[in-house]
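Engineer: Sequence:
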Amino acid sequence: MGGEWHEVRHELFGTGFGADAMLGLLDPDWVVADLGCGTGDAAERLAPIVAEVVAVDREQAMLEASRKRLAEFGNIRFVEGDLLDLDLESESVDAAVMMLVLHHLPEPEAAIAEAARILRPGGVLLVVDMVAHDRDTYQLTMGHEHLGFEESAILEFGDRGGFDRVSWRRLRPMPGGKGPGLFAASLFKRA
Numbered sequence: 015m016g017g018e019w020h021e022v023r024h025e026l027f028g029t030g031f032g033a034d035a036m037l038g039l040l041d042p043d044w045v046v047a048d049l050g051c052g053t054g055d056a057a058e059r060l061a062p063i064v065a066e067v068v069a070v071d072r073e074q075a076m077l078e079a080s081r082k083r084l085a086e087f088g089n090i091r092f093v094e095g096d097l098l099d100l101d102l103e104s105e106s107v108d109a110a111v112m113m114l115v116l117h118h119l120p121e122p123e124a125a126i127a128e129a130a131r132i133l134r135p136g137g138v139l140l141v142v143d144m145v146a147h148d149r150d151t152y153q154l155t156m157g158h159e160h161l162g163f164e165e166s167a168i169l170e171f172g173d174r175g176g177f178d179r180v181s182w183r184r185l186r187p188m189p190g191g192k193g194p195g196l197f198a199a200s201l202f203k204r205a
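Under the numbering used here, read the sequence shown as residues 15 to 205, first letter to last.
The hints are simulated quantities; they were obtained by calculation from the structure and are not laboratory data. Don't be surprised by glycine CBs; every beta carbon is placed ideally from N, CA and C. Treat the hints with care, since some could be wrong.
Computed Cβ-Cβ distance ranges for the label pairs, DEER-style [as the list claims (entries may be wrong)]: (1) 195 with 30: 34 to 40 Å; (2) 18 with 202: 37 to 43 Å; (3) 124 with 205: 38 to 44 Å; (4) 202 with 114: 29 to 35 Å; (5) 26 with 98: 43 to 49 Å; (6) 154 with 103: 34 to 40 Å; (7) 198 with 86: 26 to 32 Å; (8) 19 with 205: 23 to 29 Å; (9) 18 with 131: 46 to 52 Å; (10) 205 with 26: 30 to 36 Å.
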């Protein structure tokens with residue numbers, strides 16, 4: 015069965031179960047901030063796993079859409095706010111995520127430093143965003159402030175923002191994806 019197992023496994027169980035199962039690595043007692051939550055995709059995945067999700071967005075319309083879509087979850091707190099000046103207590107969350115939000119911010123380095131402020135010592139920030147690209151139409155049509163980021167920029171932002179360890183990796187393209195490449199960076203706050 016060796017070489018056939020890959021196809022058999024996908025036929026029996028689908029292709030997404032592994033990513034969902036890996037969410038089990040999160041501590042169920044954690045409070046996780048979804049910074050720039052948009053319509054709540056990350057909050058939706060996190061809510062069944064952790065104690066509380068704090069979903070933050072500057073756009074009231076995004077929060078309303080997210081609140082409506084995720085009404086079944088009783089452990090998501092919605093907060094309207096600016097990622098450069100969060101209305102959250104210092105050292106109040108165990109982990110935070112920024113999913114495709116950093117490129118929208120005028121001061122991404124300041125947003126990363128602000129995320130460090132709300133993280134407990136030893137906390138982790140996960141940033142998923144676009145690698146540097148040349149699609150300048152994104153700035154005109156979608157309001158992007160930045161055309162993605164080089165690894166060196168994220169490492170520098172993390173170092174200056176209060177993180178002692180940063181790992182950065184380019185993500186594999188998803189079938190059917192038409193946008194620029196993506197990266198995932200894990201930034202670990204100094205303990």
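Engineer: Confirm or reject each hint.
Structural biologist: Results of checking the hints against the structure:
Between residue 195 and residue 30 the beta carbons are some 21 Å apart, a value that contradicts the proposed interval 34 to 40 Å. At about 40 Å, the beta-carbon gap between residue 18 and residue 202 stays in the expected band of 37 to 43 Å. Distance hint check: the CB atoms of residue 124 and residue 205 are about 23 Å apart, inconsistent with the given range 38 to 44 Å. In this structure the hint that residue 202 and residue 114 lie 29 to 35 Å apart at CB is violated, the actual value being about 21 Å.
A hinted range of 43 to 49 Å holds for the C-beta pair residue 26 and residue 98, which are about 47 Å apart. Separation of residue 154 from residue 103 is about 38 Å and conforms to the stated range, judged on CB atoms against 34 to 40 Å. Between residue 198 and residue 86 the C-beta distance comes to about 28 Å, which sits within the given range of 26 to 32 Å. Between residue 19 and residue 205 the C-beta distance comes to about 41 Å, which lies outside the given range of 23 to 29 Å.
The hint said 46 to 52 Å for the Cβ distance between residue 18 and residue 131, and at roughly 51 Å that hint holds. A C-beta distance of roughly 42 Å is found between residue 205 and residue 26, which places it outside the suggested range of 30 to 36 Å.
The structure fails hints 1, 3, 4, 8, 10 (numbered hints given earlier, in ascending order).
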